[in-house]
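Protein chains: 4
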Amino acid sequence: MRYVLVTGFEPFGGETVNPSWEVVSQLEGSIIDRCRVVTRQLPCVFGESLSVLNAAIDELNPAVVIAVGQAGGRVDVTIERVAINVDDARIPDNRGQQPIDVPIVPGGPAAWFTRLPIKATVAAMRESGIPASVSQTAGTFVCNHVMYGLLHKISDSAEVKGGFIHIPYLPEQAAAHPGAPSMAAQTVKAALIVAIEVALRQTDDVKIVGGATH
Amino acid sequence: MRYVLVTGFEPFGGETVNPSWEVVSQLEGSIIDRCRVVTRQLPCVFGESLSVLNAAIDELNPAVVIAVGQAGGRVDVTIERVAINVDDARIPDNRGQQPIDVPIVPGGPAAWFTRLPIKATVAAMRESGIPASVSQTAGTFVCNHVMYGLLHKISDSAEVKGGFIHIPYLPEQAAAHPGAPSMAAQTVKAALIVAIEVALRQTDDVKIVGGATH
Amino acid sequence: MRYVLVTGFEPFGGETVNPSWEVVSQLEGSIIDRCRVVTRQLPCVFGESLSVLNAAIDELNPAVVIAVGQAGGRVDVTIERVAINVDDARIPDNRGQQPIDVPIVPGGPAAWFTRLPIKATVAAMRESGIPASVSQTAGTFVCNHVMYGLLHKISDSAEVKGGFIHIPYLPEQAAAHPGAPSMAAQTVKAALIVAIEVALRQTDDVKIVGGATH
Amino acid sequence: MRYVLVTGFEPFGGETVNPSWEVVSQLEGSIIDRCRVVTRQLPCVFGESLSVLNAAIDELNPAVVIAVGQAGGRVDVTIERVAINVDDARIPDNRGQQPIDVPIVPGGPAAWFTRLPIKATVAAMRESGIPASVSQTAGTFVCNHVMYGLLHKISDSAEVKGGFIHIPYLPEQAAAHPGAPSMAAQTVKAALIVAIEVALRQTDDVKIVGGATH
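So the sequence lines, in the order shown, correspond to chains A, B, C and D.
With UniProt numbering, the residue at position 170 of the first sequence is 170, and numbering never jumps.
With UniProt numbering, the residue at position 153 of the second sequence is 153, and numbering never jumps.
With UniProt numbering, the residue at position 193 of the third sequence is 193, and numbering never jumps.
With UniProt numbering, the residue at position 44 of the fourth sequence is 44, and numbering never jumps.
Hints may be right or wrong, so weigh each one.
[Unchecked claim] Heads up, simulated DSS-like pairs for lysine-lysine below, C-alpha to C-alpha not over 30 Å straight-line:
| # | chain 1 | residue 1 | chain 2 | residue 2 |
| --- | --- | --- | --- | --- |
| 1 | A | K189 | B | K189 |
| 2 | B | K207 | C | K207 |
| 3 | B | K189 | B | K207 |
| 4 | A | K153 | A | K207 |
| 5 | B | K207 | B | K153 |
| 6 | D | K207 | D | K153 |
| 7 | C | K207 | B | K153 |
| 8 | C | K189 | C | K153 |
| 9 | C | K189 | D | K207 |
| 10 | B | K153 | B | K189 |
| 11 | D | K207 | D | K189 |
| 12 | D | K189 | D | K153 |
| 13 | A | K189 | A | K207 |
| 14 | A | K153 | D | K207 |
| 15 | D | K153 | A | K207 |
| 16 | C | K207 | C | K189 |
| 17 | A | K189 | A | K153 |
| 18 | C | K153 | C | K207 |
No wet-lab data here; the hints were simulated from the structure.
Hey, can you work out the whole structure from these sequences and the hints?
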């Protein structure tokens, strides 16, 4: 049986939950298109997060890897297009590390493009009534770090798909951040199932609009 | 048995659903604190909306009246503080009427303050994990029109509580409006139940922060 | 010679300048349409602000009174439509007062509508290349307090025009608030001159779109 | 004498002006730190924009190249960190081309990092009272196209600095886009002079916070 590896993060930045793990953990053991979903929680820590992720990839040899992270302040599910080779932390990670303008992989490529069919995924989510869009930046914190590391890791395995999805706050988090948008766990869960289905079925991405003028 | 009247609107502005009626209609017949919830759909039409509302108030003599409307673009459940005596339509209503700077009730007061305990409601919603805040303006379209008309109607019935609550787009609406925030129907339903409970139990509002510097 | 009274506020909320006074003070002594502009700085204090304003009105008997205040976070010049009879302070004023849900004038009307031609003013500003819009709420802090008090004061003087205009941060303020929009002092100054000209020339407001659906 | 090449764009997307050229053209012939500023207008066209830029670089052999573009909707001057190797046009360019997910340089690196000291530039702008921040994405339209092409072009000339700066709408543009933030031409001009000065003086960038969690 083939595996789909889906990861979420532990809480960070003063939050008591991380919506990514709250939702991802609900997918543990699901069968989607005859593949088994395996989930893992990553520490919100530069370096360690990738150690945990890489170990899971080595163990499972998954067909698809989707890392999921919280993007507090975003309104919809955002499928990341690209990860860049830099750690630039606005706040410390959960071990107190705050790298500024340091390469993730010294000598590595400046960026890795996602290996998920992002346009097809956004289209399928919207058709399912889920607010979604392509994002042109995954930031420069641990999420981008994990996305870059993941794509670097699988760069020599042509058949493995992988990428990163950012999700909004949960309503219970936004209740403590007046003015912040949110999305219910049920909606996010449905979004992730769509993302897995599309990743498993879609060989090439579709050519539809999803860019940004800036 | 006492009644709680809750209204939602029909779709407007090119939408095929209105989240207010989608959610409000789910409350029909509920019993909350030994009161029966009765729901009505209002046309998104200046004048007619108030005819339907007023007839329902006359028929039911409710203890609490909560009118609910869509506020596409807002991130949370907003409890309106005040309605002002002006119709100023940015878009036509569902009958093609587009009044500009016309009083709702000629000679009526410039404004009516809500008769819901708005601070207590916001506090209770947040405690329940629902993003909510006080809003200082209900706009100048049919929502404000209904809120003003409602408060004008019940102004001489000291024991009737009433007011207006704005809610965000549903996710399925926001899926067609990239960049717009949304809220799941389940979250909005929970919010409205909290609003009804607080309105029924709370005699005076609490003195907590909820103002805006501008 | 007739007078136009224009007021700005002292800094508040941790700022070292208030853009309203920075710009308003530049208008002192200007002659616009054969009227002399007189400017006054108001303290950002509930009560005292109105004492200073009322004294200036009594002294000058102005044809037009425009009070100007800072709205940090707004993108354009906003002409306020209405002031409501409530003080509800999110932060303390400059004397440490923080009234919550207290009427400005006990027994006074729930609201006063502006006595400036707001639609004509917005149209004229936009024609001059200045970003401007009608605002449906002046908040519940000292700005709304001053607007309400001003309109209450001049309510029995049919020939006096008056109202309130909110302006964005200055660029030098926004430089310390990443993410906040701003407007140059020169642009705001041009806006205020337009507002004075329109107030002096325009007898009735024009009927053009300027409402909000919520 | 050494040259600083600064480019702006022609109008696009229905605008009649492009703030980048409006401001950049004012710098023509300036002497900053004994370098002469030469300005060029680029067509808002995939391909052609780079032909014009590359010809100017070949002709002038400049010490610093700063390309400037309009980012309607942004509130401040944003110094771009990275350009990615993809054209993905949300709207057609000025020749009607709308490439979707096409590499700018087939076989080129996935991204090029800026060769401007972006943290030092942001710090210096803020010290001068100009709202500014680091941006993690230049989009996927002609601006990103030019930034990528510029950095690709100068990638083998270790001593040439270069990068891209996005600027907000001018006030006169925002006056036609209610809700859009803007920045006065004078403020933008001051920002660009700071950027040139810092680029000429600063050898290495400073290590200060400027990242994004997402």
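Could you work out which of the previously given hints the structure breaks and list their numbers from low to high? Hints 2, 9 contradicted; others consistent.
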